[in-house]
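Dock chain B against chain A, hints included.
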Amino acid sequence: MIEYLENIIIRTLCRFLIPFIQLFGLYVIAHGHGSPGGGFQGGCILAASFILILVTFDLAEAKRRFSEKLNNFFNSFGVFIYAWTGWMCLLLGGNYLDYGKLSQILPVDPVKARYFGIFSIEVGVGITVMAVMVSIFHDLITGGKHEEVSE
Amino acid sequence: MKILAFIATLMTGALLIYATVDFPDWGDPNSPASLHVSPRYIEKTIEETAVPNMVTALLADYRGYDTNFEETVILTAGISVIMLLRRPRK
Numbered sequence: 001m002i003e004y005l006e007n008i009i010i011r012t013l014c015r016f017l018i019p020f021i022q023l024f025g026l027y028v029i030a031h032g033h034g035s036p037g038g039g040f041q042g043g044c045i046l047a048a049s050f051i052l053i054l055v056t057f058d059l060a061e062a063k064r065r066f067s068e069k070l071n072n073f074f075n076s077f078g079v080f081i082y083a084w085t086g087w088m089c090l091l092l093g094g095n096y097l098d099y100g101k102l103s104q105i106l107p108v109d110p111v112k113a114r115y116f117g118i119f120s121i122e123v124g125v126g127i128t129v130m131a132v133m134v135s136i137f138h139d140l141i142t143g144g145k146h147e148e149v150s151e
Numbered sequence: 001m002k003i004l005a006f007i008a009t010l011m012t013g014a015l016l017i018y019a020t021v022d023f024p025d026w027g028d029p030n031s032p033a034s035l036h037v038s039p040r041y042i043e044k045t046i047e048e049t050a051v052p053n054m055v056t057a058l059l060a061d062y063r064g065y066d067t068n069f070e071e072t073v074i075l076t077a078g079i080s081v082i083m084l085l086r087r088p089r090k
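Sequence lines, in order, name chains A and B. If you're matching positions, the first sequence starts at 1 in the numbering used here and goes up one per residue. If you're matching positions, the second sequence starts at 1 in the numbering used here and goes up one per residue.
Since the hints were derived computationally from the structure, they do not count as laboratory data. None of the values given here were measured: they were computed from a predicted structure. For each residue, glycine too, the CB sits at the ideal point set by N, CA and C. Fair warning: there could be bad hints in the mix.
As the list claims (entries may be wrong) - From the derived model, a few chain A residues whose C-beta atoms are all more than 10 Å from chain B:
#1 Ile53
#2 Lys63
#3 Tyr82
As the list claims (entries may be wrong) - As a list, the in silico DSS-like pairs of lysine-lysine whose alpha-carbon atoms are at most 25 Å apart:
#4 Lys101(A) to Lys44(B)
#5 Lys112(A) to Lys2(B)
#6 Lys112(A) to Lys63(A)
#7 Lys112(A) to Lys101(A)
#8 Lys145(A) to Lys63(A)
Next comes chain A alone, as it looks inside the complex (with noise of 0.2 Å):
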C-alpha cells in the first residue's frame, strides 16, 4: 500500500487536492465559533492531507513533508497550548481556564478575551488532533518499523 505508485493521474490530483484540503482544515479550525467544526473536526481533515500524502506518495515523501520529530513535538505541543491558556488565567487572578483574565493583557473586553481565549485552545485541540491521528496511522501502516514494506 506504500510503495511508489507510478500513477500521473492520481499524483497529479493530490498535488493539486492537498493544499485546499489542509485550507479547508484550517478554515473549520479557525472559524470553530462561527459555524459547525472546531479543533476535533479540523484537526482530522488535516490529518487526512497527510494522509493521502502517505498513501499517494511513498513513506520517504510523508516523512519529507512532516517529520517524525516534528511529529512527536507537535503530539504534546497542542495540550501545552491548551494547559497554558489555563495556566495564563490561573497566574492572572482568575481561575483555571476562566478565559476572561485574558482582557488584561489582551487589548480587548472581558467577553471578547473569553472568545479568543476559545480560538486558542481550538488551536491546541486540532494541532495534537492532527500530530496523533498522522502518528497512529503511520505506526499501524508500517507495523511500527516506519520503514517502506513491499507486498
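Relative to the frame of chain A, chain B by itself:
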C-alpha cells in the same frame, strides 16, 4: 467461570435497564436539565462569551476542563500506540 461472568453481566444490565425507567422522557420540557441548565446557556452564551456557536462555547468555555482532558486522552492514545508498536531502526 464464564457462566458466573455471564450472570454478573446479565444482572448489571438488568439493573441498568431498571434504572432507565426513572429517566425523564426524551425532550421532556419539565426535566431538571431543561428547567434551569439549558435556558441559562441558551440565554447567556452570546452576552457572556461573544461566540455565536453555542456548541463551541459550551465545549470550550463552560466545559473547558472536560475538553482539556479529552485532548489529554487523545495524546495518551497516541503515546500508547507509539510505545506498543514503534520499534526504532538499529
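Structure-based check of all given hints:
1. With a closest Cβ-Cβ approach of about 19 Å to chain B, isoleucine 53(A) is found to remain outside the 10 Å limit, as its non-interface label requires.
2. At roughly 12 Å from the closest C-beta of chain B, the C-beta of lysine 63(A) stays outside 10 Å, upholding its exclusion from the interface.
3. For tyrosine 82(A), the shortest C-beta to C-beta distance to chain B comes to about 6 Å, within the 10 Å cut-off, and the non-interface label is violated.
4. Under the criterion of a C-alpha separation no larger than 25 Å, the hint pairing lysine 101(A) with lysine 44(B) is consistent with the structure, at around 18 Å.
5. Taking the CA atoms of lysine 112(A) and lysine 2(B), the gap is near 58 Å; set against the 25 Å cutoff, the hint is violated.
6. A distance of roughly 40 Å separates the Cα atoms of lysine 112(A) and lysine 63(A); the hinted pair therefore is violated under the 25 Å criterion.
7. Distance restraint check for lysine 112(A) and lysine 101(A): the Cα-Cα separation of roughly 11 Å lies within the 25 Å cut-off, and the hinted pair is therefore satisfied.
8. With a CA separation close to 13 Å, the supplied pair lysine 145(A) and lysine 63(A) stays within the 25 Å bound.
Violated hints, listed in ascending order, are 3, 5 and 6; each of the other numbered hints is respected by the structure.
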